[in-house]
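*Asks:* Under UniProt numbering, the sequence shown has 94 at position 94, and the numbering climbs by one with no breaks.
For the record, the hints were derived by calculation from the structure and aren't laboratory data. Quick reminder that beta carbons are idealized off the backbone N, C-alpha and C, glycines included. One or more hints might be untrue.
Stated by the list, open to error - Across the chosen pairs, the derived CB separations fall in these ranges:
| no. | residue 1 | residue 2 | range |
| --- | --- | --- | --- |
| 1 | G15 | V106 | 42 to 48 Å |
| 2 | R48 | S173 | 48 to 54 Å |
| 3 | Y46 | D14 | 21 to 27 Å |
| 4 | E187 | E55 | 49 to 55 Å |
| 5 | H36 | D154 | 40 to 46 Å |
| 6 | E189 | G61 | 49 to 55 Å |
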Amino acid sequence: MTLEKGYRTELSVDGITIDRRDIEMLEAIDRHGSMHAAADALGRSYARLQQRIVELEAAVGDLTERRRGGKGGGGTELTETALELRRRFERHQTELDGVARATESVFAGTVCERTGTLGTVETEAGPMVALVPAGATTVQIGVRSDAVVLADPDASPERDVTSFRNQFIGTVSSVDSSDGVARVTLELERVGEPPAGPESTDDLELETLVTRESADSLGIETGKTLRASFKATAARAIPTADAPSADDHDSS
Numbered sequence: 001m002t003l004e005k006g007y008r009t010e011l012s013v014d015g016i017t018i019d020r021r022d023i024e025m026l027e028a029i030d031r032h033g034s035m036h037a038a039a040d041a042l043g044r045s046y047a048r049l050q051q052r053i054v055e056l057e058a059a060v061g062d063l064t065e066r067r068r069g070g071k072g073g074g075g076t077e078l079t080e081t082a083l084e085l086r087r088r089f090e091r092h093q094t095e096l097d098g099v100a101r102a103t104e105s106v107f108a109g110t111v112c113e114r115t116g117t118l119g120t121v122e123t124e125a126g127p128m129v130a131l132v133p134a135g136a137t138t139v140q141i142g143v144r145s146d147a148v149v150l151a152d153p154d155a156s157p158e159r160d161v162t163s164f165r166n167q168f169i170g171t172v173s174s175v176d177s178s179d180g181v182a183r184v185t186l187e188l189e190r191v192g193e194p195p196a197g198p199e200s201t202d203d204l205e206l207e208t209l210v211t212r213e214s215a216d217s218l219g220i221e222t223g224k225t226l227r228a229s230f231k232a233t234a235a236r237a238i239p240t241a242d243a244p245s246a247d248d249h250d251s252s
């Protein structure tokens, strides 16, 4: 049996749920300039389409306005409220796409220092501060791609980024953009010793997930150097299965 995660984009206003069908309806009205033409294009009855418009307008305000006849023959056009509703829905869709597409980069290392639940782990990319289980000595750290913030390495860290305990410089090795989200892979410089165990791969990579707007503003492209930052709480370590913990040593 295969289980798959599913995400459905919806907005709720005053008990009314707005879904993709509603947005497609508004897009069709905007494209065809008429509710009758929109209903025909969508294969829906005009009466049901009009009823749905009335239901939505009761919750969010006027969505359409009549364009009086003339040389163009009149018709229906969307209000600014309808356009903003579409924009908000698409932003929400982009956010969910980011969650659904988030991946995890894994770094192996050895715990060298601990303060409460946080530990400093020596990895091939350099010291990394993460949430480390008690007693763990050799670990693997997982970093979700949607928890990483990218910035120009020459720019001063913004105030809300200074709390990011982990900051690394890397070179963009690939960019995969689709539907408003860009998956950016950074190749990090190997500065630490390889951990004990299986040999390391040739590339030390950190995957990140950013909006297309952010990717465009940073001018992200293959070969560009960027600073990647993420909080210690976004890096979670698990003990390596075949590595003894500190408790094991104490009990021997």
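*Asks:* Does each hint hold? Answer for all of them.
*Replies:* Now the hints, each set against the structure:
1. G15 - V106: 42 to 48 Å: Holds: the Cβ-Cβ distance is about 44 Å, inside 42 to 48 Å.
2. R48 - S173: 48 to 54 Å: Since the Cβ atoms of R48 and S173 sit about 51 Å apart, the hinted range of 48 to 54 Å holds.
3. Y46 - D14: 21 to 27 Å: 25 Å, holds
4. E187 - E55: 49 to 55 Å: 52 Å, holds
5. H36 - D154: 40 to 46 Å: 57 Å, violated
6. E189 - G61: 49 to 55 Å: 54 Å, holds
Hint compliance for this structure: hint 5 is the single one not met.
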